[in-house]
Structure formats: structure tokens, C-alpha cells
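Here the protein sequences come in this chain order: A and B. Each step along the first sequence adds one to the number in my numbering, with nothing skipped, and position 217 is 215. Each step along the second sequence adds one to the number in my numbering, with nothing skipped, and position 181 is 228.
It should be emphasised that the hints constitute simulated quantities derived from the structure, not laboratory data. Idealized CB from N, CA, C, for every residue including glycine. Certain hints may be false.
Okay, the calculated beta carbon distance ranges per label pair [claimed, not checked]: (1) A:V316 / B:A287: 34 to 40 Å; (2) B:D90 / A:L257: 55 to 61 Å; (3) B:A161 / A:R71: 51 to 57 Å; (4) A:L107 / B:A287: 30 to 36 Å; (5) B:V213 / A:W19: 31 to 37 Å; (6) A:L153 / B:A287: 30 to 36 Å; (7) B:R237 / A:L27: 37 to 43 Å; (8) B:R237 / A:V331: 56 to 62 Å; (9) A:L153 / B:R237: 41 to 47 Å; (10) B:A223 / A:R254: 45 to 51 Å.
Listing some non-contacts, in silico: residues in chain A with all C-beta distances to chain B over 12 Å [said to hold, decoys possible]: (11) Y66; (12) K177; (13) D333.
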Amino acid sequence: MTEVPPAVTQQAPAARGGGRWRFLRRRLLQAVPVVLLIVTCNFFLLRLAPGDPASVLAGEAGAASPEYMAQLREQFGLDQPLLIQYLAYLWNVVTLDLGYSFRYQESNLSLIAGRMSATLLLMASSVLLSVGFGMLLGLVAALRRDRVEAALILLAAVLAYAAPIFWLGLMFIVLFAIKLGWVPTSGMVTVGAAHQGLAHVLDVARHLILPAVTLSLFYMALYTRLMRAAVLENLRMNYVVTAQAKGVPPRRIVLRHVLRNAVLPLITMAGVQIGGALGGSVVVESVFGWPGLGLLAFDALHARDLNLLLGILSLSSVVVVLANLVVDLMYSVIDPRVALS
Amino acid sequence: MATLHLPPALRRFLRQPAAVAGALVLLGVVSLAATADLIYPGDPFDIVGRPYLPPFTDGHLLGTDTLGRDIAAGVVHGARVSLLIGTLTAVLVTAIAILIGGAAGYLGGKVDDALMRFTELFQTIPSFLFAIVVVAILEPSLETVVGAIIIVSWAPLARLVRAEVVGLRSREYVQAAIAMGMRDASVLGRQILPNALPAILVAASVMVATAILFESGLSFLGLGDPNVMSWGLMIGAGRAAIRTAWWMSGIPGIAILLTVLSINLVGDGLNEALNPRVAVGSGR
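Generate the whole structure from the sequences, applying the supplied hints.
Here is the structure:
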């Protein structure tokens, strides 16, 4: 039953067994240059900014007490030569010493860690939504290509691809939360309800729907278009003709053969989506008051707590590298011909 | 039409209703932006009427915002910033992409490896978050916004240019030019790039749309130039009144949607018109 679809790169399966650990280690090491780049950029941007870096970092929050300035000077080694300053800053980031937020009276690292789960929940739901519905809608658009459904799906995709997500979020709030009252306008849990167990899960889910959908729409539109193109392309391949010739039912051809091949470009994009969704989460979380990293970044931005903002950026980049790793692992499960190298 | 002898690419473009509609809408936005000072003379930040006026009242076509500023004036003036930032960014990003992607693809070997590693790094950074940090540190202004968008968006286009150049470099006519002793810069500039141009042009047109979305996101967060009226700024300002006056943020959003949509449609149309191979291959 195993047909060989068009060859991409045929790799011997033997290359995989022991290679998986080496692959993991190599990919984790890839995080190093990324973090290095970000740290370097941050470091020089801070020096490009007008004024003393400590005062830039402390900002106009009114939080610039002498002790905070002293802490910043020490953290960034501002009384040292530039190279030492750079190395000190690098060392701080590598050892996850991201400083202390006087506004929150908490270390930046524990602030970020505390907000991480809400953002991961939002991102995971939106990635699943966009991949799932993108696949489905793209498949329908390809299989019913001359029908009204396909035209409507493509129209919706073109619109979703062009709309700014923060605006979509606001309009969703107006329609679904304010006018229709189906879902809450903002937050993660109903304030003062103190639900337990299943009731809590349902409460969070009700709050999650709008932000997750908002964050997913842009990529859902992209996946729909990618999926449609890939399905149409695969349907013309020889392996489909072979399957038809030997009497495989059409439904099975689509579900077992075409789908598996068509979904590959989509999975590749999912890695890109995670980086994009992290940026999108800043506007989406601030629109919906979702208490994750994005909202923390938004608050830090408005309090001009740049040190916290830089910490969020550094840690988010590590999350992106890790997420890409997971995507690659998934890719090799779906397409065993792709060796992990 | 039959009597006119249009270039084939233009004819292929005009044959697509969606692309023509996009071009017309875009033309409308461009002319509104160009004549903003004639239609709505004066500063769009000026308070000109009672606040919270709904559209079509008291001579305010699209109503007024929470401070009594005319929304239509804001939309028309905002079109300028969006188009300016969109085109400026796209031009600069394309130039950078041609330099880096062209060098990597043409020179190959170690240069290619190093440049592509570098490019990959920039693709891994969460782009919008990075742009926020750049603008926040350097203070919001037109220059820093454009700079930030360039930093986070040149990488994919550079990869595209590289792929095009690598594909064209092994063609016989390029090999012939090299064999005849043409200098590298000429081979790249006169032989390879003109043939890679269609693909680059399409990507650059999409870049305009992406940059407009980026700019609106930044100015929504309060990271736009505070002295320039922009669509994102208007949405951000109208947000406080979202329960009672949704149109304050609704209208500028529609302006963004229409502009970005029209540019995307034009981009798709250009793709079909300039890369007919693709058009045949994607089978309709």
C-alpha cells in the first residue's frame, strides 16, 4: 500500500535512529547565535538611544529612584569599558539574570515565567485553530473549486489576510461581546467567580475563544491558500493517477495520500507562525486583557520599563527556537523521508 | 481594447477583474493621500466639532472622535503616512535584499553560507516584538519606525532574491556572459537581475502591504510618530470609546483593510501577469 510520492530527498531511514539526539543538541545550539544577535542588537541600540543607557532603561516611569539607577548601572556595568559592558550584559542574559522590576517588586525573570503559561495557552490554541481550519478550508476550496463554497472561502481568506489583527480583535469585541454578549470582553477568568475544576476550565475557555480566533485568522488565511494550492498540485501527480487506476476510493485517496503530502508546506509555515504569533500576542493580549507575556510587554512599553521589555524579547526568541524544534520533529513524523539532520 | 497594442504583461494584468479592482481602489487611496491638504486643509489634530459625533452629522462625513477631531480628515491624512512608510520600507528592503541575496546567490560558497546564516538569524527573531523594542528604545519617529520595519523584514526577501539568482546563474546566457569576460557586477546587474525582477517586484509589492500592517500595529501601541496622524493611532485613540462609539476605531481599520487588500490584489495580479509560467502551472 505504500506508494512513493514524488521524491523530494530520499534519505535512508537508518540515518535517523542515533541521529535524533545529535539533531536535538545541534538545534538547541542554534539558539545561541540568535540570542547573541538579539543581545548584541539590544546592547548597541541602547547606546544609540539619546542619553545615558541607565536613564533610557529607567525611562520616564517615575520609577527611576537612585537605587534603581544604581542597580541598572551595575547590571549593565556602565562604569566599565564598552567591551566589558557588552560581556557583562551577555553574561547576565545567559545566566538569566534579567534584572529586577521596581514597578512590580519582582525579578523580571519570575515576572516573565509567571506570564508564560497564559501566552503559551493562547499561542497553542491559535496555532491549532489556524492549522486545523486552514487545512480543512483549503481542502474544501480545492475539492469544490468551481462551487460557491470555494469562492466564499477564498474571499474570507483574502479579507483575513489584509485585516490588522488588533482591529479585528476590537471589532470582534464590539460584535460578539458587547452587542451579542456571547463571550466576555476581556480577561482570562471571571473576576470574583473563583471557579474550581471543570467550571474553571470552561470559564477560561470562554475567555480564550475570541483572542485565540483573532490571533489565528491571519495564518488561517495563509494556510487556506497554501493548502488549496498544494492539494490542487498533488491531485495532478502521478501517484494519484496510480491510486485511481487501481481502484482506491476517492475519499481514501484524498485522506490517506493527498492530505499527507499537501500538509507539509503548511507545517513548515507553522514554525514561522510561532514567531509571528508572539509579536501578535502583544496587540491581541492588550486588546483582550489576556494576562500573558504580550500584555506584560505592553505594560512595560507604556511604563517605559525597557529592561523588562528586553528580557521578554530575549526569552521569547528562545521560545521560538524551541518551537521550531518541535515543528521539525513533527515534520519528520509526518514525512519519514525527511531525515533529522 | 482590440485596437490598442498593449504589452502582453499589462494585458494579462487587465484580464483579471480582482487585480483591476485592487488597482482602482489603490489609485483612489493614493489620490486621497495626494490631495489631503486640499480636501481637508489644516492639521488633522485640530479640534473642529463636538466630540462623539456619529458619521454623517453636522458636516462631518465620518463623525468626530473622543476629542472632537474630524475622523474623515484623519483618515485622509493617515493615508499619507501609511503609503509613505509602506513604499519607503519596500524600496529600502528590496535594495538590501538585492545586495545581500544577490551577493550570496552570485558568489556562492563561503560567502553564501555566511550570509544565509546571518539571514536565518533574523528570521528567527520574533519580528513584531523586535520592532517594538527597537522603536521603544530609539523613541518613535518616522525614521525609527521605517528602520525597525526594515530590520525585521529584509530577511525573507533576501532569501527570495538569492534563490532567483542561484537559479539564473547557471543559465547558458549567463555562463556565456561570464565566459566573454564580463565583470561580476555587470553580469549580476545586467544579465541576472533584470530576469529576476518580476519575482522581486511581486515580493516588493507584498512588502508594501506588510509594512503598512506593521506600521499600523506600532502606532496602535503608541509607537508611531506622535506628531503624525495615522490609522493605527486613530484606532488606538478610539479604543477607549469602543462601547459607545465603535466607528471611531472601526473606520480607520476599514481604511487599512481596503488599502492592504488592494495592494495584495495588485500583487497577485502582477504575479500572474509577470510570471506566466506560474499562471499556467497553477492550473485554472
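Here is what the structure says about each hint:
{"no.": "1", "hint": "A:V316 / B:A287: 34 to 40 Å", "verdict": "holds (35 Å)"}
{"no.": "2", "hint": "B:D90 / A:L257: 55 to 61 Å", "verdict": "holds (56 Å)"}
{"no.": "3", "hint": "B:A161 / A:R71: 51 to 57 Å", "verdict": "violated (36 Å)"}
{"no.": "4", "hint": "A:L107 / B:A287: 30 to 36 Å", "verdict": "holds (33 Å)"}
{"no.": "5", "hint": "B:V213 / A:W19: 31 to 37 Å", "verdict": "holds (33 Å)"}
{"no.": "6", "hint": "A:L153 / B:A287: 30 to 36 Å", "verdict": "holds (32 Å)"}
{"no.": "7", "hint": "B:R237 / A:L27: 37 to 43 Å", "verdict": "holds (42 Å)"}
{"no.": "8", "hint": "B:R237 / A:V331: 56 to 62 Å", "verdict": "violated (47 Å)"}
{"no.": "9", "hint": "A:L153 / B:R237: 41 to 47 Å", "verdict": "holds (42 Å)"}
{"no.": "10", "hint": "B:A223 / A:R254: 45 to 51 Å", "verdict": "holds (48 Å)"}
{"no.": "11", "hint": "Y66", "verdict": "holds (18 Å)"}
{"no.": "12", "hint": "K177", "verdict": "violated (9 Å)"}
{"no.": "13", "hint": "D333", "verdict": "holds (21 Å)"}
Checked against the numbered hints given earlier, the structure breaks hints 3, 8, 12 and satisfies all the rest.
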